[in-house]
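K.L.:
Quick note, the sequences are listed as chains Y and F, same order. Mapping to the numbering used here: the first sequence position 5 is 5, numbers consecutive. Mapping to the numbering used here: the second sequence position 249 is 399, numbers consecutive.
What the hints contain is simulated information worked out from the structure, not anything from laboratory work. Hints may be right or wrong, so weigh each one.
Said to hold, decoys possible - Each computed SDA-like pair below joins lysine to any residue, with the alpha-carbon atoms no more than 20 Å apart:
#1 Y:K102 - F:A483
#2 Y:K89 - Y:H57
#3 Y:K24 - F:S417
#4 F:K476 - Y:K102
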Amino acid sequence: MTNHQPVSIIMVEDDEGHARLIEKNIRRAGITNGIRHFRDGTSALEYLHEAPDGPTHNGPALILLDLNLPDMSGIDILSRIKAAGNPLKRTPVVVLTTTDDKIEIQRCYELGCNVYITKPVNYESFADAIRQLGLFLSVIQVPDRAEADG
Amino acid sequence: MVRLSLKNIAVPDAWFNRLVIGAVALGFLALLATGLAAYHSVQENQFHSSRANHALLVERAITDFLAAMDRAEAGRRGYLLTGVAAHAETYHDARKHLFPLLARVRDLTRDNPQEQANVARLIALTQSDLPFMDQSIALVRSGQRDEGVRLFRNSVGRRAITVLRAQAAVMIDEENRLLAIRDAATSESIRLFYATVAAAGTILVLVGVGSIWVILGYTRSLAASRDALRLLNADLEGAVRERTADLQRANDEIQRFAYIVSHDLRSPLVNVMGFTAELEGATRKLRTMMDRVDQETPGLVDEDARIAAREDLPEAIRFIRTSTEKMDRLINAILRLSREGRRQITPETLDMNALLLSIGDAHRHQLDEKEIDFSIASKLPTIIGDRLAIEQILSNLVENAIKYMAPGRRGRIEIRGRIENQRAIFEIADNGRGIDPRDHERIFDLFRRAGVQDQLGEGIGLAHTRALAYRLGGTISVDSELGRGATFRINLPLACTAEQGA
């Protein structure tokens, strides 16, 4: 299948500061893919499923998901994306959140989260983690929609 | 919830005791009265019977006298008619009994003046009659039979006999009257005896029935109070369960609250630290740039700008960093506490001696280094509990004991255990620097510490320990005085159930 379209990064993060720091560090890692930032779950879900330039209708994507959102829990978004029959089912989801509760982590993986990263408070570790995520993003193979659909 | 007061189950003890004692005393009194009455009436009876017998004896003696008199008279008449010597024999034989018999009657009736008078008359009559009779016998024997018969015909002899009989009859009547009176007295005493026995019996029956009734009532009220007590007990258990559930809910809420708050605090902290780092990076760049400007066009950068870039900014950033790092540690501590509170409790049987030995071994290095004697009492109670939680509690207390030893004396840590009221109590006693009694509550609060702050720590250990103890359905307390060591006491249920930690 065709994989020439660039993978777009969709970041669901309510904290403007965190979003900015994440973006900065992804850029510092040399990743140039487009990053769309959503500050709440509703608009993020709408974009994911409905927008003509969104991943359902257009091109492969990778989702960076925070669990603490104002309007819904990131876990809701995760379970909706990973639900049977969802065209985005195979889209990689990286949960990037402050929560390091074992039960929460376990639940995310059970729901189909691909990577779970705890935001370290220590900035060096945080930047390090994001840069490593960037490296990971540069090598990751993302299935496009047609494959995901099949 | 039904609230039962102890008043409902109190038994009227004093009242009941008095009643029972009264009833028993009454019963004994009735028995005693019956015994006395029986004794008295038997005595009466005996007395009256003997008196009646006496009357009969008197009668008999009188009758004997009369019979002897009759025989004497019969003998005399036979002799007068026939002259046969045998009749004279009969007369003499009967005659010699007459006075002894009269004497007997007199003796017997000595207590009765009337009868004495009668007897005296009888004796007088006999004494006056007998000479005639003797004379008639003597006349026949001497051949003067006709003279004898004439004497017999003389009315004096016959009248004497008749008077004598009448006199005897008067006596017998008197004795019969006495007999009747004495018989009546005997029956009266017997009747009295029966009446007494009947009265005593009635009282006994009444007392018995009354006692049984009271005892039944008492037993019923005892049973009722036992039931009430049982109900109260069951209710108490229910109340305790309810209360425990309430506490559990409150605890869960606090745990959730702590969890959410610490998480939400973490988010801005990530920003503060992140942008502080960014600021630092930018400051570095500014400094480099300023150095270059200074080199290329000296004098362009003024002193204020230089101080700001070289000293003020790094200092501010340093303070922000240390503060945020401290805040991060505190938030992490709260998170750890709340996470520990949410951990599933898995009860298992714990050999506390083995567990404490392993804790001792884990701290062996520090114990040896500080030369502390560490002793564990033999046979600590075995309990069913969560191994991890109990290990953490004890380990924390042992660690504290090691940490806060008093300088200048050989350290000692003793671990004791006992069972009290279905609870296991463990004591970790040390001879360390001790804790001011004013701080005994405070040290269990989060982030609070006591005494000289010469040891590392955030003030989390004991708060954590207490949270764990509560979680297991236990409590923790401390006994201590400054400079006199401290004894931490953990009170745990013998068996902690999984639901207690749910």
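K.L.:
All the hints need checking, so say for each whether the structure fits it.
P.N.:
Structure-based check of each hint:
1. Our distance criterion of 20 Å between C-alpha atoms is met by Y:K102 and F:A483, whose separation comes to about 16 Å.
2. For a cut-off of 20 Å, the pair hint linking Y:K89 to Y:H57 stands: about 14 Å separates their Cα positions.
3. Proposed proximity of Y:K24 and F:S417 is supported: the alpha carbons are some 17 Å apart, at most 20 Å.
4. In summary, the hint linking F:K476 to Y:K102 is not supported, as the alpha carbons are separated by about 24 Å, beyond the 20 Å threshold.
The structure fails hint 4 only (numbered hints given earlier).
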